[in-house]
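The hints should help you fit chain B onto chain A, whose structure is shown.
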Amino acid sequence: MDKNEHLKLYQEMVIIRRLEESAAELYQQGKIGGFLHLYIGQEAVCTGISSVRQPKDRIITAYRDHGWAISAGIEPKIVMAELLGKADGCSKGKGGSMHMADTELNFWGGHAIVGAHIPIAAGLALGDVYQGNEDAITICMFGDGATNIGFFHEGLNLSKVWNLPVLWVCENNQYGMGTAVKRASAVSDIRQKAEGYGMPNDQIDGMDLMNVREKVSKVMDQIRKEGGPYLLEIMTYRYRGHSMGDPERYREKDEVKKWEDEDPIGVFRKYLIDEKIATDAELDEQDQEAEAIVEEAVNFAESSPNPAPDTLFDNIYVEPTPIEYRGYEMAQESEEN
Amino acid sequence: MARMTMREAISRALWEEMERDETVFIQGEEVGVWGGTYAVTKGFLDHFGEKRVRDTPIAEAAIIGSAIGAAMTGLRPVAELMTINFAFVAMDHIVNEAAKLHYMFGGQFKLPLVIRTTSGGGRQLAATHSQTPDAIFAHFPGLKVVSPGTPADAKGLLKSAIRSDDPVLFIENATLYQTRGEVPEGEDVLEELGKSKVQREGDDVTIIAYSKMVQAALEAADMLAEDGIEAEVVDLRSLRPLDMGPVIKSFKRTNRAVVAEEGWRSYGVGSEVAARIYELAFDYVDAPVKRVAQAEVPLPYNADLEQMALPQTEDIYHAAKEVVYG
Numbered sequence: 188m189d190k191n192e193h194l195k196l197y198q199e200m201v202i203i204r205r206l207e208e209s210a211a212e213l214y215q216q217g218k219i220g221g222f223l224h225l226y227i228g229q230e231a232v233c234t235g236i237s238s239v240r241q242p243k244d245r246i247i248t249a250y251r252d253h254g255w256a257i258s259a260g261i262e263p264k265i266v267m268a269e270l271l272g273k274a275d276g277c278s279k280g281k282g283g284s285m286h287m288a289d290t291e292l293n294f295w296g297g298h299a300i301v302g303a304h305i306p307i308a309a310g311l312a313l314g315d316v317y318q319g320n321e322d323a324i325t326i327c328m329f330g331d332g333a334t335n336i337g338f339f340h341e342g343l344n345l346s347k348v349w350n351l352p353v354l355w356v357c358e359n360n361q362y363g364m365g366t367a368v369k370r371a372s373a374v375s376d377i378r379q380k381a382e383g384y385g386m387p388n389d390q391i392d393g394m395d396l397m398n399v400r401e402k403v404s405k406v407m408d409q410i411r412k413e414g415g416p417y418l419l420e421i422m423t424y425r426y427r428g429h430s431m432g433d434p435e436r437y438r439e440k441d442e443v444k445k446w447e448d449e450d451p452i453g454v455f456r457k458y459l460i461d462e463k464i465a466t467d468a469e470l471d472e473q474d475q476e477a478e479a480i481v482e483e484a485v486n487f488a489e490s491s492p493n494p495a496p497d498t499l500f501d502n503i504y505v506e507p508t509p510i511e512y513r514g515y516e517m518a519q520e521s522e523e524n
Numbered sequence: 505m506a507r508m509t510m511r512e513a514i515s516r517a518l519w520e521e522m523e524r525d526e527t528v529f530i531q532g533e534e535v536g537v538w539g540g541t542y543a544v545t546k547g548f549l550d551h552f553g554e555k556r557v558r559d560t561p562i563a564e565a566a567i568i569g570s571a572i573g574a575a576m577t578g579l580r581p582v583a584e585l586m587t588i589n590f591a592f593v594a595m596d597h598i599v600n601e602a603a604k605l606h607y608m609f610g611g612q613f614k615l616p617l618v619i620r621t622t623s624g625g626g627r628q629l630a631a632t633h634s635q636t637p638d639a640i641f642a643h644f645p646g647l648k649v650v651s652p653g654t655p656a657d658a659k660g661l662l663k664s665a666i667r668s669d670d671p672v673l674f675i676e677n678a679t680l681y682q683t684r685g686e687v688p689e690g691e692d693v694l695e696e697l698g699k700s701k702v703q704r705e706g707d708d709v710t711i712i713a714y715s716k717m718v719q720a721a722l723e724a725a726d727m728l729a730e731d732g733i734e735a736e737v738v739d740l741r742s743l744r745p746l747d748m749g750p751v752i753k754s755f756k757r758t759n760r761a762v763v764a765e766e767g768w769r770s771y772g773v774g775s776e777v778a779a780r781i782y783e784l785a786f787d788y789v790d791a792p793v794k795r796v797a798q799a800e801v802p803l804p805y806n807a808d809l810e811q812m813a814l815p816q817t818e819d820i821y822h823a824a825k826e827v828v829y830g
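Protein sequence lines, in the order shown, are assigned to chains A and B. The numbering of the first sequence is this note's numbering, which starts it at 188 and goes up by one. The numbering of the second sequence is this note's numbering, which starts it at 505 and goes up by one.
For reference, chain B alone in the conformation it holds in the complex:
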């Protein structure tokens, strides 16, 4: 194990996969000379050269479209979208092409493609640059949507995504890049895509979260423990496919759940998870499932207003207290 930041874990995963497989290359805005706008690919250009570290024009449809074409020829592109807000410019290529070409042509085309991007608010970038629209992308069969909450998972899941023969949207959270954690060493330490994971055990309430909300949920669980409430934290890690196994297993024991996400509540991840809990474990429900999510406003620039709108650790804590009638 080595202690490192999320940024280092992601960077390490990319580096190792590029070292082990010549067909892996990265392209996107400022991935090369600049070293990545979040410094994830710093030093890559010098080491791997221009062929495999490709700066692109600011043209998201061209970035994703050409990555799809290259993937169809057998390469393994890792295409970077600086933020998920710019994915809307490439929406057709993500949901209409990447998610569908394998199926629509009877399995002829393979798209071993990773789209790396960052999601989330909290950095005073105002409404167009602060969204968490992850659930939208999880709506489409054919695409895999992965979003890690810890450095270890970030490394293991990104490596699996690169080795996957399917298109994967890999969503990072820009405010987690400095988050530190223990990361297992070894270039073949992988985390399987499409598997939820229990990040903390407890018998009183199940908190389901992913990405940044995993960190908030773990903090909330510590607060709850001081009140004598033991929360189990289940990290979804993948939004599609969505692995309800560990969620249901936990819920059947706790009979109470809170789902936390950074995005908006309506039609969100919490809605989906809550609906599935009711479908799969209705007889075990002791309290209505609570959803913690972002206030439904376009995020404002002002720091205080922005934080008011974003879901906080305290929100998860209070929601958990409500479902256990603490």
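Only chain A is shown next, with the shape it has when bound in the complex:
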């Protein structure tokens, strides 16, 4: 990696961090509705993995997806527009925080039902194998909490039985909502669950971007060479609550502090300086650029139009299909047919 590539990755993590901090403010102002799950603290995972994947590799994740959307290549302003429910959002304002996607970028969402996207990921990989898309890998992220639900076990089992090229990534941020791993999972090392399916696995530190890049590259090489699925447990931490409505009664402030000392942006910044790849001044410049990009994203999103009212009925089906009820006036409409 040359200097510019290093700086780009640094800036990407800062953009994700700042964009989510802005999102938290906009949420408090009532401009973002629904749920808002922040990724703050986990940025090295999405930036690290996305920086070593190839364009043909599919990415699919759960509802904590803003970082993944940006790492996959969706412009920050398009992500912000979706957060605000605007027409320019990546899902045209229909999906919101939890449902970002861009199929052109091979980013397949953004899925909000815990674990439900895991069998879907197996199907994406099946699609590649079936269509002879050589060497393509489906990279599927989920939280530690998702490994206790049946979907996870059905999906992992199927991926092994059919030898599908899936990199299963458990982003272990220690809590499924407010319940610690130890209180919800019979085994605390999530990677052990792969053993039951005869699947190779590993557990790595997810706070260090360079470590994520190195380990994930090796695993992806192995999948491309040997085929079949692999489970990677990546240890990480979210500094913020599960969502914006989290009272955080389940953990001590000291614990959050301990992890903040290993902050992925701070760790990478120190690495760049220690290795003399960049100076403090150059990184400050990156910070400023990132802030400007996020500010522009917020301005863009705020001025983006609301979806037009008649888009309410768009995309229910692909094929022209009568709308059953638009409201009480449907009776008159249907009488004509």
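It should be emphasised that the hints constitute simulated quantities derived from the structure, not laboratory data. Please note that the accuracy of each hint is not assured.
[Stated by the list, open to error] Distance ranges between label pairs, derived from CB positions:
| id | chain 1 | residue 1 | chain 2 | residue 2 | range |
| --- | --- | --- | --- | --- | --- |
| 1 | A | Pro509 | B | Ala630 | 46 to 52 Å |
| 2 | B | Glu734 | A | Phe222 | 24 to 30 Å |
| 3 | B | Asp559 | A | Glu413 | 22 to 28 Å |
| 4 | A | Arg513 | B | Ala729 | 54 to 60 Å |
[What the hints assert, rightly or not] Each computed PhoX-like pair below joins lysine-lysine, with the alpha-carbon atoms no more than 25 Å apart:
| id | chain 1 | residue 1 | chain 2 | residue 2 |
| --- | --- | --- | --- | --- |
| 5 | A | Lys195 | A | Lys463 |
| 6 | A | Lys243 | A | Lys195 |
| 7 | B | Lys825 | A | Lys243 |
| 8 | B | Lys555 | A | Lys347 |
Ideal Cβ placement from N, Cα and C applies to all residues, glycine included.
Leaving out everything else, chain B in the frame of chain A:
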């Protein structure tokens, strides 16, 4: 035309579509080596091979979830659920994923997916294996729900479902597999999804039915004809979208209707059709719309008790007599 059973018609539709389109494949429990638990896919594995005839674990969420993923990549999976009772295990993937992904991501994902399954009671399988919960699935915008009552429709509708870019739940009735009928030949003979069809003409009363109840309604119509009452039988064929056109057209002539379904009455297909008749043709109502449906009990194992609970041809006949005040 060729005379064949419902099973043969469905099997023929699958075979023809797999022959014409490489992206069509089938997966499910026992679809391959076994040949399908209802023998619909017998011989498919030998002809099409393991890539396109995929035996799965007994894991319905994985069957439907992976079919959704494969469909998102442009394939046309036909995923089989051995019975609709097992669809509850895959409920999230059917109603929360298949029915919503196209809309929720602003039209980015297409899901050209068919879920084939069997519904209905009458085979002494007791309460968990005998349900007709079709209406539940028709509740969800984004999903198409199709359920044929004749072999010809089964073939034409299944072929359309496979060619459709939308997710379709295709509900067969396990007790109809041996039912015979004339089926038009030709691989491009299709029946359009979302269209009701008049299966028998008559001016005195409209009987609305779908799936197995179409056969019962036709039998009831024959009985009514002996009493001098001519019943029109409208086959819904699709529960979503629900095509009320032929129903209303018929009702405006007969002014009387019976709706027959095999499932439970409360919140059922009959409730929906009756409500729409009142919404769309209230001025034409000469008698309250009658609903014929299953007694509201979990279906029992004992054959006599089970048949007591299931709607019968005679029930449709009596309901029709009541609405015409015969």
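The hints, checked one at a time:
1. A/Pro509 with B/Ala630: 46 to 52 Å: Given about 39 Å between the Cβ atoms, the range is violated.
2. B/Glu734 with A/Phe222: 24 to 30 Å: violated, 58 Å
3. B/Asp559 with A/Glu413: 22 to 28 Å: holds, 24 Å
4. A/Arg513 with B/Ala729: 54 to 60 Å: violated, 40 Å
5. A/Lys195 with A/Lys463: holds, 16 Å
6. A/Lys243 with A/Lys195: holds, 21 Å
7. B/Lys825 with A/Lys243: At roughly 65 Å apart (the allowed maximum being 25 Å), A/Lys243 and B/Lys825 break the hint.
8. B/Lys555 with A/Lys347: holds, 16 Å
Consistency note: the structure conflicts with the earlier hints numbered 1, 2, 4 and 7.
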